[in-house]
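Chemist: Chain by chain, the residues:
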Amino acid sequence: VSLRRGACLGGLAVTVTVTVTVFPAPVPASAAVEQVLLPGPTPYPTPSPPLAAVGVVPTRPLPFTIHARVAERVHAGVGPDGEIVSLRALHRLALTGKGDYLIVIGAPVVDVHAGPGSQSEPGLRIGQILWSGFSPGKKLLVADAELSAGAARFLPLRLHVTRAGGRYSLTVTNATVLSETSYEGKGFPRQLATLLDRTRAQSLAGERLDSAYASVEGRVRQRPARIAAPVAVQGVLRFPSVPTSVRGATLRGRSVSFSAVLGDAGPLSLRVDVRGGGTPRLRLVAEPTKLVRALAPPAASSWAAALRKRPIPSRVLLRTLIDTRMQLVRSDQYQAFLANPDPQGAAKTVYVYESAAAPTPKGSPSAESGSGNGDALVLTLALVGSVLGIGVALVIWAHS
Amino acid sequence: VRRLAFLLAGLALIAAGCGKSSGGDSTGRLVVAVDVPVTGSPYVAQTIRNGVQLATDNVNGSGGIRVGSRNYRLAVKLYDNHLSARQAVENMRRALDAGAVAVVTDGTGVDATWQIANRDHVPIDIAYDGGTGLVDAETRPNVFRIAPTNRGIAFRLAEYLIPKKLKVALVSDDSAYGRQGAADVAHAFSGNPESVATKLTVPAGETDLSPQILRLRRSGATALLVWGQPPAIAAVLSAARTIGWNVPVFTPPTGADPFVRQQLADHPAWVDGLTFASGRMTAEVGPAPFLNFQSQYESTYGVDRVGVKNAAGQPVFQPPEFAMYSSDFVHVLVAAITKAGSVEPEKILRALNEVATQGANGDERGFNEHSHEGVVDDDVYFARFKDMVYSPVHDDPLSATLPAIPQTSAG
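So the protein sequences, as listed, match chains A and B. Quick note on numbering: the first sequence equals residues 524 to 923 in the working numbering. Quick note on numbering: the second sequence equals residues 151 to 561 in the working numbering.
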């Protein structure tokens, strides 16, 4: 997302390519004071998620009379080394409001069917899930979509499994990390503390950020930032027999469970090491979550209170404010793996990773299907015979 | 070697001539076959044929279809299936011999014709019959439909009637249409058996249904859902009203067939209150697009006269509902040919799953890999007759949003 800073501040004309927008000063009290638009609620720093189709999908805004709320469950099938071998999304679209709707959701969709409770059947075109009909006031549209495994690169976690001897190691890494260009400057501590408290309240309540401005005095400088959506992870490894030792998780019988928030001023990965027990089955549930630690005020109940106790440099406050808001925007981005057709509508996505066998490619002949192989052989022989026959006939005719 | 070169050149020339288009000049011709019951159900045949002709005239009038460096014009070929599957098969063979790129039909004989057409990858569009099983995107990849489905109509009728706490008698005639509809209705009501008073099949050709109506009345029915051909609906209404039973009657789209009103023209009050379900003619954008289509249709072919008058003595017209569907298919077909960039039937057939156009009523029309139905179940509305014309009901959320379409010269 490229947004421009159009003002010339302190002699520095900056075109910032960041996730924040800096607008020209709207009549500041002092000529050196800028009102800057802070990150959130949008734009998102990358185009996906939500997933986009391979080709161009026509934009179909919902009519203003209809609103949509999305609850989504993404099922990722995990192969023996932690790679994603299959991807499915259960996309529940709850419409409210009366009127016609024509919804086109772009995604690398391989197949789609109506999911449980759906009051209509989805259509499928290349790269599109289609919904069309009339909402009498409320309507539930549930798509059970098989997605191209290539879309796995937009999942919020990467999994890696290693096995050596009787040892099993699982590494779960937050994959939402992004290098971004942010900015810094001198703000006004009381205003920044108020904004931090507002941002924290919205984060703790699980609400989307609302738009907010901060005043910055003097020069605005770019700085690199690394942001990541905080992702809450809960996992279980079920072993065929009781493991002998576990590190980084809790052993209960033949099950090894672990949980963590990856991000939110904490580590971005976790590792579980298990000795013995055989090859486990994994089930891991991940959810983009709120920021708690990163927005905790230092030794006070609020940022305003902390500021009253002791001074906090405005640069620290501004940096915390921008970085945490960028992380919350990133978290919000992962709340919709498939798009919500209502840009103002809420979305909530749960990602479920489970051990799975690699899928058999569609259309490939079954190994047990003896007749199918026989048919293929007959067809091949027939083709070869035909070509040879035509060739011989042509040669004979050409020499006649 | 020279002979071989000549042979290959000859083969190439033959292959070049193996297209579905005809005509040796720079403008090709693409045939759209229309197979309808001209002598079995003239109103249905005429409205479907007129819809196709109107759309092709519009396409040709706009310069035809550009495919690569060549221009194509559409030509309509009409076949009469006499409501006979055997005749439909014969017609399909003739249409394929004539190089048809698509066949538009009322639905007669599709169970037998689709495989013949599928061998040549020629799409069939059903513009009238909503029979369940006629269309299946997976097993019948070349069959499409732009018309309300029986399944959708039955579902919507159940959705509309069950909350009214009526005891509904499910009546069907013994025609194929009636039998198929009876199955769909039974399925739609299967979750609410308490709403069903009884089920009864009546003979399709019988004009006096008095004994059957007495049985229905004694069953405790407080509403009749009659799924049958227009003569059966007229006979049910006639028998019920003759004995003074003013039971509300609900029907599929056949209730709006001019035949019903023609049969009851001497007793217009008997038609009053008859409620039928059909595909809505207007979309949320308002009635303007459909009225434009209706105006163009009527200025080209004249109005479709029902053959009855209202209380004020004005002749009643039939809006070109099914003509809209057949016309829409031609436009979807043209979009598919354009997207395919080819007149090869296989490519056109594939492209039909990927295109959509704006229909005559402003709704989007199109198909996809999972659904070859151009009218979604949600588009089924209810209309009620009064004084020989019908208007949408007010006690259904969708129908209540729809305007009445003028059906007399007074509007």
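Among the hints, a few may not be true.
Not everything, but these chain A residues come out facing chain B in the computed CB check (under 8 angstroms) [claimed, not checked]:
1. Lys621
2. Gly622
3. Leu647
4. Arg648
5. Leu653
6. Pro659
7. Gly660
8. Leu663
9. Val665
10. Asp667
11. Ser671
Keep in mind the hints are simulated off the structure, nothing from the lab. Keep in mind it's a predicted model, so treat the numbers as computed, not measured. Virtual Cβ for every residue (Gly too), placed ideally from N, Cα, C.
Chemist: None of the hints should be skipped; say for each whether it holds.
Modeler: Each hint, compared with the structure:
Satisfaction of the interface hint for Lys621(A) is found here, the shortest Cβ-Cβ separation to chain B being roughly 6 angstroms, below the 8 angstroms cut-off. Look at Gly622(A): its Cβ gets to within about 6 angstroms of chain B, closer than 8 angstroms, so that hint holds up. For the restraint placing Leu647(A) at the interface with chain B, the shortest Cβ-Cβ distance is roughly 4 angstroms, inside the 8 angstroms limit, so the hint holds. The interface hint given for Arg648(A) is met, as the beta carbon of that residue sits about 5 angstroms from the closest beta carbon of chain B, less than 8 angstroms.
Satisfaction of the interface hint for Leu653(A) is found here, the shortest Cβ-Cβ separation to chain B being roughly 6 angstroms, below the 8 angstroms cut-off. Contact between Pro659(A) and chain B, as hinted, is supported at the beta carbon level, the nearest pair being about 4 angstroms apart and thus within 8 angstroms. Interface restraint check: Gly660(A) against chain B, minimum CB-CB distance 6 angstroms, threshold 8 angstroms, status holds. With 8 angstroms as the threshold, the beta carbon of Leu663(A) stays out of range of chain B, its nearest partner Cβ sitting at about 13 angstroms, so the hint is violated.
Checking Val665(A) against chain B: minimum C-beta separation of about 15 angstroms lies over 8 angstroms; hint violated. This hint is violated: Asp667(A) has a C-beta 12 angstroms from the nearest C-beta of chain B, more than the 8 angstroms allowed. With a least beta-carbon distance of about 15 angstroms to chain B, the hint placing Ser671(A) at the interface is violated under the 8 angstroms criterion.
Consistency with the previously given hints fails for numbers 8, 9, 10, 11, ordered from lowest to highest.
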